[in-house]
Amino acid sequence: MHLPDGFLDAKTALLSTGAAAAGVGIALRQVRSSLPPRRLPMLGLAAAFVFAAQMLNFPVAGGTSGHLVGGVLTAVLLGPSAAVLVITCVLIVQCLMFADGGLTTLGANVFNMAIVSGCGGYFVFRFTQWLMRGQGTRATVFAAAFAGWFSTVLASISCAGQLALSKTVPWSIAFPAMANVHMLIGVGEGLATGLIVLAVLRSRPQLVAGAVPQAQESGLGFVSYGLLVSVGLVVFVAPFACPWPDGLEAVTKSLGFSERTVHPLLNAPLPDYRLPFIGSATVATVVAGLIGTVLAFVAAYVLARALVPALKTPKPK
Amino acid sequence: MHTPELNPCPRPTALHRASPRLKLAVAFVFIGITVLMPRRPDPAYLAPAAVLLLLWPLCRMPLAYALRRLLMAELFILGVALLSLLTPAARPIFLSALIKSNLCVLTMLLLTWTTPFQEILQVLRRLRLPSVMLATLALMTRYVPVLAEESRRMQRARASRTFSPRRRLAWSTLAGVIGQLFIRSADRAERIYLAMCARGWK
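Sequence lines, in order, name chains C and U. For the first sequence, counting from 1, position 260 maps to 260 in our numbering; every step adds exactly one. For the second sequence, counting from 1, position 149 maps to 149 in our numbering; every step adds exactly one.
Chain C extracted, bound-state conformation (with noise of 0.2 angstroms):
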């Protein structure tokens, strides 16, 4: 999902470079005050280990291989500000030392990979766990499993978003191509998550951040990322995403001049850019959205009953 450049137009990339500076601004004010100096080298090792964790391939079907992407893992295992600002250092050094991801682009990369998918994985994280209502083993390991197929479809929409935004690629078939596709990643994604967060929590769970309720994450901090990761994704996505009037048609149509503006508007350039199907194809992605959101839900709680049985889950002391 790394973004090269030409591929976003200069609004755009500014947007996004705007918001992943007011993101990455509140982590470091996050982060400052409320990271202890001795955890300091951990965000450094974090990064480290996150490239690392990617060089290796997981095995999927075909032949083919797939790596970890890694932002709700960095989330659950270190907290939300950390976690933007180790992504946000893998990407920069991804960009500046292996010409991965354009310089124009790296503000639209950190916007989706470490604020939408970090930041607004770690929500779902925690909603989902609070809805087992338990921060046991299971628990965990089930809603960072669902919480990483999430991000990674909230990510690809984020990056479709731009896309279109730009107009590099019409909304009507960059939405569900990326939404689809990454329905399908991030299933991978999800299951690596669980099992890896798994994998901590048996040998040391005291290293778990997301596992215990934190005192050190302030509401305003929670409250300034979902404001940031909402308005991100409206900017980015609600100029498409939704079929009935905007704000702005319903003043023209309720005023009675939409007759005139509407002809020369429909035979403008929007008929090419449309294909007969487009209404379809984005509703029928909404929909498949909506179905898979479900199915994740139930595999990721079929495949934490599975991995964590009820009896052996490790009593917190």
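Calculated directly from the structure, the hints in this document are not laboratory data. Every value quoted in this text rests on a predicted model; they were computed, and no experiment measured them. One or more hints might be untrue.
Anything over 10 angstroms on all C-beta distances counts as not near chain C; from chain U, calculated [said to hold, decoys possible]:
#1 PRO12
#2 ARG21
#3 ALA49
#4 VAL51
#5 TRP56
#6 PRO62
#7 ARG161
If the Cβ cut is set under 7 angstroms, some of the chain U residues that face chain C in the computed set are [stated by the list, open to error]:
#8 ILE31
#9 VAL35
#10 ARG69
#11 THR112
#12 PHE117
#13 PRO130
#14 SER131
#15 LEU134
#16 LEU137
#17 ALA148
#18 SER172
#19 ILE178
Here a beta-carbon is modelled for each residue, glycine too, at the ideal position from N, C-alpha and C.
Mind docking chain U on chain C? Use the hints.
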């Protein structure tokens, strides 16, 4: 699986010795100009391409190295290519994005080939990047090879103790390796902190 080459170039050239600050600024402006060019196939693209082709022999970047790195970026580009084939109207935009992204990847390759990351880090330090990020970046580049070697050692040890893992178990053994890698990096971070304190870090 390969360990990333942290300092790829064995034989420094004049471009390697140029100020990293200048190189980073030039690369940034160059990429900015390329990205802002018209969004259709245009003869104007020949200008940045010519500059890159002139610079390439000057810094002796091997062709195989460049092609391997370009191929990594090409995966995403081809994915978008498949999407744009469905819409005839977006084809010129796609073609220009294809040219732009390849030119920009090539620019970044020349930059990273001639500039070790440590020097880029010095530039970022002078640009007042927050110290937490600088420390994280510095520690990260130092420990990526160490952890890569560690994970290879753990996999070798696993392979010598088990039969070849069955397909069903491949994921959970690999997840075990990665989980263990995290635990070891946490321990290492603790030791690094103690070493930093022992050397008077505050």
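Comparing the hints with the structure gives:
1. With a least beta-carbon separation of about 17 angstroms from chain C, U/PRO12 lies farther than 10 angstroms from that chain, consistent with its non-interface assignment.
2. No Cβ of chain C approaches the Cβ of U/ARG21 within 10 angstroms, the least distance being about 14 angstroms, so the stated non-interface status holds.
3. The claim that U/ALA49 is not at the interface with chain C holds, since no C-beta of that chain comes within 10 angstroms of its own (minimum 13 angstroms).
4. Listed as a non-interface residue, U/VAL51 keeps its Cβ farther than 10 angstroms from every Cβ of chain C; the least gap is roughly 16 angstroms.
5. The Cβ of U/TRP56 sits about 14 angstroms from the closest Cβ of chain C, beyond the 10 angstroms cut-off, so the non-interface label holds.
6. Taking the minimum C-beta to C-beta distance to chain C, about 14 angstroms, the non-interface status of U/PRO62 holds against the 10 angstroms cut.
7. U/ARG161, annotated as away from the interface, keeps every beta carbon of chain C farther than 10 angstroms; the closest lies near 17 angstroms.
8. Taking 7 angstroms as the C-beta contact cut-off toward chain C, the hint placing U/ILE31 at the interface holds, the least distance being around 5 angstroms.
9. Among the interface hints, the one on U/VAL35 holds; its C-beta lies about 5 angstroms from the nearest C-beta in chain C, closer than the 7 angstroms criterion.
10. About 6 angstroms separates the beta-carbon of U/ARG69 from the nearest beta-carbon of chain C, less than 7 angstroms, and the hint is met.
11. This hint holds: U/THR112 has a C-beta 6 angstroms from the nearest C-beta of chain C, less than the 7 angstroms allowed.
12. Satisfaction of the interface hint for U/PHE117 is found here, the shortest Cβ-Cβ separation to chain C being roughly 5 angstroms, below the 7 angstroms cut-off.
13. Look at U/PRO130: its Cβ gets to within about 5 angstroms of chain C, closer than 7 angstroms, so that hint holds up.
14. The interface hint given for U/SER131 is broken, as the beta carbon of that residue sits about 10 angstroms from the closest beta carbon of chain C, more than 7 angstroms.
15. Annotation: U/LEU134 was flagged as interfacial toward chain C, and the flag is violated, the nearest CB pair being 10 angstroms apart, outside 7 angstroms.
16. Because the beta carbon of U/LEU137 sits about 5 angstroms from the nearest beta carbon in chain C, less than 7 angstroms, this interface hint is met.
17. Against a cut-off of 7 angstroms between C-beta atoms, the interface hint on U/ALA148 holds, since the closest Cβ of chain C lies about 5 angstroms away.
18. At about 6 angstroms, the closest approach between the beta carbon of U/SER172 and any beta carbon in chain C falls short of 7 angstroms, and the interface hint on this residue holds.
19. Interface hint status for U/ILE178: upheld, as the beta-carbon distance to the closest one in chain C is roughly 5 angstroms, under 7 angstroms.
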